[in-house]
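Residue numbers (the numbering used here), protein chains in the order written: chain A, 1 to 249; chain B, 1 to 403.
The set of hints was computed from the structure by calculation and includes no laboratory data. Some hints here could point you the wrong way.
[Said to hold, decoys possible] Simulated restraints on C-beta separations:
1) A:Glu221 - B:Phe143: 53 to 59 Å
2) B:Ala196 - A:Arg140: 48 to 54 Å
3) B:Glu267 - A:Ala63: 43 to 49 Å
4) B:Ile293 - A:Asn169: 52 to 58 Å
5) B:Thr348 - A:Leu238: 22 to 28 Å
6) A:Ala42 - B:Gly342: 18 to 24 Å
7) B:Ser157 - A:Leu165: 58 to 64 Å
8) B:Thr124 - A:Asn169: 28 to 34 Å
9) A:Gly239 - B:Ile293: 28 to 34 Å
10) B:Ala247 - A:Arg140: 42 to 48 Å
11) A:Asn241 - B:Glu117: 53 to 59 Å
12) A:Leu165 - B:Thr348: 53 to 59 Å
Glycine included, C-beta positions come from ideal geometry on N, C-alpha and C.
Each chain, letter by letter, is given below.
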Amino acid sequence: MSDLQQKPVNEERRTLLKAGAVATGTALAPGVLLFGAAQARAPEEPASDKVRWGMIIDVNKCADGCNDCVTACNEENGLSGATGPQDSQWIRKLNIRHLKTGVETSLPMLCVHCEHPPCVDVCPTGASMKRADGIVLVDRHICIGCRYCMMACPYKARSFVHEPLTDQNPEVPRGKGCVESCTFCVQKVDRGENTTACVEACNAAGHKAMIFGDMNDPTSEIAQILKTQKTTEIRADLGLNTGVRYQGI
Amino acid sequence: MLSQQYCLEARECKPALFWTLMGAGGLVLLGTLYAFFTLEHHGHVLTGMDNQIVWGLPHVFAVFLIVAASGVLNVASIGSVFGKRLYKARAPLSGLLAIAMLAGGLAVLVLDLGRPERLIVAMTHYNFKSIFALNMIFYTGFFAIVGLYLITLMDRSLNPWSKPMGMLAFLWRIALTTATGSIFGFIVARAGFNSALYAPLFVIYSFAYGLAVFIVVQSVMYKWNEIQVDPRILARLKNLLAIFVAASLYFTAVLHLTNLYYAKQWEFERFILLEGGIYPLLFWGGQVFLGGILPLILIFSPISRHPATVFLAALLVVLGGHFQMYVTIIGGQAFPLDLFPGYAESSTFYDGVVHPYTPTIWELLLGLGGIAIAFLITTAAVRVLRFMPQDDLKELELELKPH
Numbered sequence: 001m002s003d004l005q006q007k008p009v010n011e012e013r014r015t016l017l018k019a020g021a022v023a024t025g026t027a028l029a030p031g032v033l034l035f036g037a038a039q040a041r042a043p044e045e046p047a048s049d050k051v052r053w054g055m056i057i058d059v060n061k062c063a064d065g066c067n068d069c070v071t072a073c074n075e076e077n078g079l080s081g082a083t084g085p086q087d088s089q090w091i092r093k094l095n096i097r098h099l100k101t102g103v104e105t106s107l108p109m110l111c112v113h114c115e116h117p118p119c120v121d122v123c124p125t126g127a128s129m130k131r132a133d134g135i136v137l138v139d140r141h142i143c144i145g146c147r148y149c150m151m152a153c154p155y156k157a158r159s160f161v162h163e164p165l166t167d168q169n170p171e172v173p174r175g176k177g178c179v180e181s182c183t184f185c186v187q188k189v190d191r192g193e194n195t196t197a198c199v200e201a202c203n204a205a206g207h208k209a210m211i212f213g214d215m216n217d218p219t220s221e222i223a224q225i226l227k228t229q230k231t232t233e234i235r236a237d238l239g240l241n242t243g244v245r246y247q248g249i
Numbered sequence: 001m002l003s004q005q006y007c008l009e010a011r012e013c014k015p016a017l018f019w020t021l022m023g024a025g026g027l028v029l030l031g032t033l034y035a036f037f038t039l040e041h042h043g044h045v046l047t048g049m050d051n052q053i054v055w056g057l058p059h060v061f062a063v064f065l066i067v068a069a070s071g072v073l074n075v076a077s078i079g080s081v082f083g084k085r086l087y088k089a090r091a092p093l094s095g096l097l098a099i100a101m102l103a104g105g106l107a108v109l110v111l112d113l114g115r116p117e118r119l120i121v122a123m124t125h126y127n128f129k130s131i132f133a134l135n136m137i138f139y140t141g142f143f144a145i146v147g148l149y150l151i152t153l154m155d156r157s158l159n160p161w162s163k164p165m166g167m168l169a170f171l172w173r174i175a176l177t178t179a180t181g182s183i184f185g186f187i188v189a190r191a192g193f194n195s196a197l198y199a200p201l202f203v204i205y206s207f208a209y210g211l212a213v214f215i216v217v218q219s220v221m222y223k224w225n226e227i228q229v230d231p232r233i234l235a236r237l238k239n240l241l242a243i244f245v246a247a248s249l250y251f252t253a254v255l256h257l258t259n260l261y262y263a264k265q266w267e268f269e270r271f272i273l274l275e276g277g278i279y280p281l282l283f284w285g286g287q288v289f290l291g292g293i294l295p296l297i298l299i300f301s302p303i304s305r306h307p308a309t310v311f312l313a314a315l316l317v318v319l320g321g322h323f324q325m326y327v328t329i330i331g332g333q334a335f336p337l338d339l340f341p342g343y344a345e346s347s348t349f350y351d352g353v354v355h356p357y358t359p360t361i362w363e364l365l366l367g368l369g370g371i372a373i374a375f376l377i378t379t380a381a382v383r384v385l386r387f388m389p390q391d392d393l394k395e396l397e398l399e400l401k402p403h
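I would like the entire structure built from these sequences, with the hints used as guidance.
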């Protein structure tokens, strides 16, 4: 052992190891830092598949006759609020009555942002698409207005713009001849607000029936509920793994 | 005088009739273009279509033309693939009608788009999981294959190629109609669709509609050119039509009987077969009786040897085909989506209620434009090239002997 200790130190080897460590650190550090930054994404960065935006709606807290979520959506996204057969409705209050028991329930219905969206499958041009973070959108630049997505959507979530529009919200471009639906207020999400107009309105009214968040973040409220409480997907039989879940149905 | 130079034989030259027909077709097409630009300017707000009935009358005409286009090619296929002389003489007209009707049908679909000026986008952006995108490839391929097939049929030096090209065209058209039926078969959410049966159903419908259109067109061409068709030829064509019509009725029955076996489909079947207002009426009265049973009665009646009877039977099949498309496409959408089975639903977005639909004149004009385009292409082509079916009865003798 003493022989070994007395051996002269190989300085060259140490220098090489040091250089290697510095090089490795330099190579890894930006990645580690970027990963940290991904939690609060800068607007110019693409959406990340580490996130999946979702919503839980507790129908027991949803007040009968309250329409605040619908009004807020219309205001945020520049919809007229008209409810004719040809008018766009991105979110609607749906009243359901059990045919046997007669129990009535009121709930908001919107695009449920499926993991396997039929609207995306059928779209011929790829205009109907799902972002990496799970938000299902229509690319207004390549939608040709064929309406096959409206035929395919099991939730009747989509609307077709039937006439020219004026005074639009610049953040929410819409146009005659294209199909549109709830975007999970993608403009707010991309600004880092991480909420939607309907959820804000529901909270402001004191009902707190809607929760929006990242289903993949174990610390988020939505992930906690999904983990500990029973939630229901509408038309779960279709196996679409919806991003909007319900409680109390 | 100019027009006379274009006709093939003196007895076929009826310039006044030719230009009257072209003028009539052109007028209808003008109306279609007027409707198109009006809708392009004002939007689909002028139509009866809405967020509930998203595909309307234009699609009824368009899908009929596309399905019949693939079916009309069967006449050529029987000639080239199975070597029947009777049908070989009719192969060029069959190919021409196939191209003309597909062009008409696709034109209607394009003119009805929300953003028709983005057709180039549809040609350059493909989502290959979409049956719609695959159909665009099938449709363009159909034009190319049938076009080449027509050349092999009409250019004597290329005649030997007509059999392999005919085989390719036959396989391609089966794939095309399978894909067209699947547009509806793949709609998982709606009770009226979502069935693998739609693919073979549309194939068999195409057999019937295509042959019926062929008989109608041939009858009119013969009449205008004062040609008497051999009754035995007519008998062959009408018997084949009867088989296709009966098979269509059979597949329709299977579709509904299958649905009647599934409890979850009962409400839809009650709607479409009994209580859905216009739809059961069009189904039983239009599709089944006028388009199915009555043509069969006419074909097998003692008066069926008369060309006018066969013509009427074929015309009824074409009419019934339009009723069928109306019931399938619009009836399938009129029945509401069931988001919560076991619950009654209501909302401002018309959940849980049967969706009404009243087509407007604009939609009718768009739809008629498809027929006008097919008509104009056929009329012009028949004028300048040899598409008129002409039989060499001596050669046919063997084939026409009773089996």
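Hint by hint, here is what the structure shows:
| no. | hint | verdict |
| --- | --- | --- |
| 1 | A:Glu221 - B:Phe143: 53 to 59 Å | holds, 56 Å |
| 2 | B:Ala196 - A:Arg140: 48 to 54 Å | violated, 34 Å |
| 3 | B:Glu267 - A:Ala63: 43 to 49 Å | violated, 31 Å |
| 4 | B:Ile293 - A:Asn169: 52 to 58 Å | holds, 57 Å |
| 5 | B:Thr348 - A:Leu238: 22 to 28 Å | holds, 24 Å |
| 6 | A:Ala42 - B:Gly342: 18 to 24 Å | violated, 47 Å |
| 7 | B:Ser157 - A:Leu165: 58 to 64 Å | holds, 59 Å |
| 8 | B:Thr124 - A:Asn169: 28 to 34 Å | holds, 30 Å |
| 9 | A:Gly239 - B:Ile293: 28 to 34 Å | violated, 41 Å |
| 10 | B:Ala247 - A:Arg140: 42 to 48 Å | holds, 45 Å |
| 11 | A:Asn241 - B:Glu117: 53 to 59 Å | violated, 36 Å |
| 12 | A:Leu165 - B:Thr348: 53 to 59 Å | violated, 20 Å |
Of the numbered hints listed earlier, those contradicted by the structure are 2, 3, 6, 9, 11 and 12.
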